[in-house]
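For reference, the chains in residue letters:
Number of protein chains: 2
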Amino acid sequence: MSKGITSKNDDYSQWYNELVTKADLAEHSAVKGCMVIKPYGYSIWEKMQAALDKMFKDTGHSNAYFPLFIPKSFFSKEAAHVEGFATECAVVTHYRLKNDGNGNIIVDPDAKLEEELIVRPTSETIIWNTYRGWIQSYRDLPLLINQWANVVRWEMRTRLFLRTTEFLWQEGHTAHATSAEAVEEAERMLDVYADFAENWMAMPVIKGIKTANERFAGAVETYCIEALMQDGKALQAGTSHFLGQNFAKAFDVKFTSKEGKLDHVWATSWGVSTRLMGALIMAHSDDQGLVLPPKLAPIQVVIVPIYRNDEDLAQISEVAKALVAELKAKNISVKYDDRDTQRPGFKFAEYELKGVPVRVAMGGRDIENGTAEIARRDTREKQTITRDGLAGYIETLLDDIQTNIYSKAYKFRAESIVKVDTYDEFKRLLDEKPGFLSAHWDGTPESEQKIKEETKATIRCIPLDNELEDGICIYSGKPSKQRVLFARAY
Amino acid sequence: MSKGITSKNDDYSQWYNELVTKADLAEHSAVKGCMVIKPYGYSIWEKMQAALDKMFKDTGHSNAYFPLFIPKSFFSKEAAHVEGFATECAVVTHYRLKNDGNGNIIVDPDAKLEEELIVRPTSETIIWNTYRGWIQSYRDLPLLINQWANVVRWEMRTRLFLRTTEFLWQEGHTAHATSAEAVEEAERMLDVYADFAENWMAMPVIKGIKTANERFAGAVETYCIEALMQDGKALQAGTSHFLGQNFAKAFDVKFTSKEGKLDHVWATSWGVSTRLMGALIMAHSDDQGLVLPPKLAPIQVVIVPIYRNDEDLAQISEVAKALVAELKAKNISVKYDDRDTQRPGFKFAEYELKGVPVRVAMGGRDIENGTAEIARRDTREKQTITRDGLAGYIETLLDDIQTNIYSKAYKFRAESIVKVDTYDEFKRLLDEKPGFLSAHWDGTPESEQKIKEETKATIRCIPLDNELEDGICIYSGKPSKQRVLFARAY
Ligand SMILES: [Zn+2]
Ligand SMILES: [Zn+2]
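Chains as they are written, first to last, in the numbering used here: chain A, 5 to 494; chain B, 5 to 494.
It is possible that some hints are incorrect.
One copy or two, it doesn't matter: identical chains are merged, so the pair holds either way.
[Unchecked claim] For lysine to aspartate or glutamate, the following EDC-like pairs were computed, each having C-alpha atoms within a straight-line distance of at most 16 Å: (1) Lys460 to Glu218; (2) Lys386 to Asp404; (3) Lys12 to Glu225; (4) Lys116 to Glu159; (5) Lys102 to Glu92; (6) Lys26 to Asp344; (7) Lys412 to Glu450; (8) Lys460 to Glu429; (9) Lys58 to Asp114; (10) Lys482 to Asp199.
Don't read these hints as lab results, they were simulated from the structure.
Input sequences plus hints: build the corresponding full structure.
Here you go:
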């Protein structure tokens with residue numbers, strides 16, 4: 005069919021780009037670096053949002069909304085923060101256009117802002133400036149707020165979903181009375197992200213902490229979940245930051261404790277973004293197109309009639325529509341595609357491309373025999389199943405597919421974590437068998453930086469459940485107390 | 005209590021401002037003209053979004069996402085459109101900050117954009133530029149897309165929810181093969197908005213069309229729903245535009261018809277915004293605070309225990325928690341407020357301020373008698389009800405409250421539509437008994453403009469179901485074929 009895509013073994017990067025556009029997930033817009041998320045892609049994002057939003061609310065968070073714009077002066081208040089984001093900020097300098105008299109629309113020089121506004125790349129500064137008015141006493145704590153929003157970080161080289169100038173995300177911003185509570189919150193939200201990645205996206209992740217080099221600008225500690233894509237490159241799928249009192253101090257947010265003591269508040273922030281769409285696509289898909297875990301598939305089941313004439317179609321439709329009703333009663337999203345403008349083969353390819361987990365084909369013979377042909381997207385296996393109990397069979401099959409997609413990714417990931425003890429071996433494996441390389445590191449930013457410059461591999465994280473082990477740094481030969489995970493990454 | 009607010013009869017405007025902030029709905033941010041929507045306010049907006057989103061999907065629409073930024077040149081392509089929005093645009097001119105060497109963060113002059121970007125005030129231009137790539141044939145039509153997004157229109161004088169520089173909204177953008185289909189869509193979405201306003205917000209609205217003066221910049225016809233606030237001022241609660249082929253021509257979007265003819269596509273756009281929050285507040289609330297229709301109330305029922313000691317509380321809690329479970333089983337959102345830091349009177353006032361539709365108070369006597377005291381927020385009536393069947397009673401009561409709030413608003417609106425036949429009477433009523441004034445108008449923009457300048461009243465709409473009637477224009481004395489609705493408006 006015309007929508008055939010490059011094989012991922014031939015050119016993984018090209019495979020990804022074609023998949024995103026041909027499966028109608030997203031496309032580049034006329035605005036450099038900004039994407040259009042198309043309806044099919046957006047419907048997957050909506051499913052992600054709904055699941056995450058429920059998890060946030062179940063853990064006590066409320067949603068709110070803060071301004072898109074941040075005064076430049078706020079930005080400068082937390083030194084590490086501004087340094088981290090200054091080089092990628094969209095800046096609003098004027099608030100009016102005008103006609104120049106020659107029919108051209110120009111920026112009105114008389115409408116220059118006294119203070120420039122930054123389009124938020126993240127909202128710590130504007131939010132902590134607001135929290136100052138909301139927090140006086142320990143009774144106002146913890147303050148557990150999340151925001152769903154668009155953010156802008158100017159990027160020179162962009163890729164759909166993975167790195168775009170504008171992206172959609174959620175950012176949680178919480179305030180606590182003690183350091184311990186804030187750390188607990190940061191860890192809780194890391195667990196929520198890991199739960200979502202594994203149980204909804206069917207994507208195993210490693211929970212860990214970032215080295216100082218890779219820490220969020222303004223954080224004391226950055227927790228992360230790291231996933232592995234099918235090409236052996238890592239992808240940071242979510243981060244949760246313990247911010248200490250950095251932002252409370254920068255914005256002077258204090259509270260009176262139960263004991264009447266005045267102290268700065270402790271903070272966290274945490275976020276995931278439309279980058280997860282990229283991770284979802286790259287983690288599971290194949291040369292036929294998307295492979296979507298059933299829990300995030302906008303269409304979980306598609307029914308395609310195979311008929312020679314209108315009489316055939318009428319008979320099949322009767323059975324198909326009964327099945328649609330049964331599946332809907334089980335909260336399974338199902339589409340009956342009886343378009344007469346396309347042939348079954350075209351439809352099969354289209355739903356494979358779009359990653360629909362289960363396809364049901366019904367022909368005249370099936371109606372006679374009381375059967376249907378069931379094809380699962382993950383393994384592409386087909387089976388003929390009797391019509392009796394078919395809805396229940398499909399319900400179980402969807403669970404099996406969810407589990408199988410996870411297991412496959414887990415197995416691949418397990419095979420892709422390799423212990424390495426020399427720098428030569430490290431460099432060889434990065435090229436020949438990429439994945440997570442578990443290696444000793446002396447703990448210095450200098451060695452980390454050198455390795456990055458020489459190999460493009462970064463320390464993805466120090467796993468939370470890391471075992472201590474004496475060894476020597478693969479780069480410097482200096483003593484090391486534990487291995488860390490290196491990889492090339494998106 | 006400390007949260008007492010100004011009476012709406014003393015100062016309606018002040019009453020509104022205090023209500024919005026004291027009920028924790030929203031507040032002004034540090035960014036001029038931009039608001040912070042606080043968790044309680046945002047939870048009402050989420051309920052609005054969920055209801056509207058379902059209505060959009062039930063009428064065949066899908067969500068998508070388009071860029072925040074619009075190149076200046078796109079803006080200029082539809083002449084009326086740019087004229088309408090040019091004077092209120094936030095303009096991005098640079099993409100980087102830098103340290104000036106003296107520790108100051110400044111805009112990097114080397115990072116000036118070749119073409120300025122406008123922060124979207126509405127998305128017709130970027131969307132129609134995108135649709136050019138999506139539409140080739142009649143098979144691609146209709147294209148029925150909605151976007152939930154933030155938009156920016158620079159405002160010099162702002163009011164929380166009613167007029168803010170940044171606001172949240174949804175914007176539908178559809179493409180059709182014929183003019184008739186596009187008109188039908190614009191009218192369908194107007195009906196959806198009216199349905200939502202009346203059946204969810206309990207706010208009666210008049211459906212009508214705007215005069216040329218009040219039309220959306222770039223539209224052929226603007227449909228609107230107009231609501232009446234308790235001070236007799238009108239509020240435009242939603243608009244739906246038939247855009248003809250204006251944007252298709254500006255962005256060269258053509259399709260091949262079934263007959264093989266090439267033609268420009270027909271368009272609509274339609275939107276409602278966080279302005280609806282302002283309408284909801286002003287339509288029903290009173291001097292004690294918010295009055296929320298149950299269908300949009302984040303907390304529909306609150307249970308407050310009234311106790312002298314821990315033993316009392318334990319007994320009450322047992323009964324209260326059983327009631328909570330029963331209500332939740334009926335999908336009623338309920339909160340049991342057993343905080344020991346506040347007295348019942350304080351809690352009563354707080355939930356009145358926040359507009360919780362039903363309050364259940366339970367004391368020791370109630371436990372003995374198997375009763376509870378039920379107070380409804382809309383009428384502030386109290387009744388003692390037996391515990392048996394209480395959940396069912398509350399379920400019915402919530403429906404009654406929803407209906408009653410609507411009826412009250414409907415009655416007020418009915419009394420506030422007055423036929424006027426002279427300009428003197430028109431001016432007198434605007435000051436003495438504001439509301440919708442139904443008056444003859446000669447159909448000219450000149451008379452309309454003069455009336456606006458002299459009285460601040462505008463033509464809110466020409467009602468869709470208007471009866472034709474010969475008369476003379478109250479302003480010019482020229483002949484008129486129908487009355488139109490004037491009002492001062494938000
Ligand atoms: Zn301080
Ligand atoms: Zn054209």
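Hint-by-hint comparison with the structure:
Taking identical chains as interchangeable, the C-alpha atoms of Lys460 and Glu218 lie at most 16 Å apart only when both belong to the same chain, with a minimum of 14 Å there against 59 Å between chains. In this assembly of identical chains, Lys386 and Asp404 lie within 16 Å of each other by CA distance solely inside one copy; the values are 14 Å within and 54 Å between copies. Taking the closest pair of Cα atoms, Lys12 and Glu225 never come within 16 Å of each other, the shortest separation being 36 Å inside a single copy and 50 Å across copies. For the homomeric pair Lys116 and Glu159, the shortest alpha-carbon distance between copies (14 Å) is at most 16 Å, but the shortest distance inside one copy (25 Å) is not.
With identical chains, the CA atoms of Lys102 and Glu92 are at most 16 Å apart between copies only, with a shortest distance of 10 Å across copies and 28 Å within one. In the homo-oligomer, the alpha carbons of Lys26 and Asp344 never lie at most 16 Å apart, since the shortest distance is 22 Å inside one protomer and 59 Å across protomers. Proximity of Lys412 to Glu450 under the C-alpha cut-off of 16 Å is found in neither arrangement, the shortest distances being 37 Å within a copy and 72 Å between copies. Proximity of Lys460 and Glu429 under a CA criterion of 16 Å is satisfied intra-copy only: 15 Å inside one chain copy versus 80 Å between copies.
Neither within a single protomer nor between protomers do Lys58 and Asp114 lie at most 16 Å apart by alpha-carbon distance, with minima of 47 Å and 44 Å respectively. For the identical chains of this complex, Lys482 and Asp199 are neighbours neither inside a copy (37 Å) nor across copies (72 Å), given an alpha-carbon limit of 16 Å.
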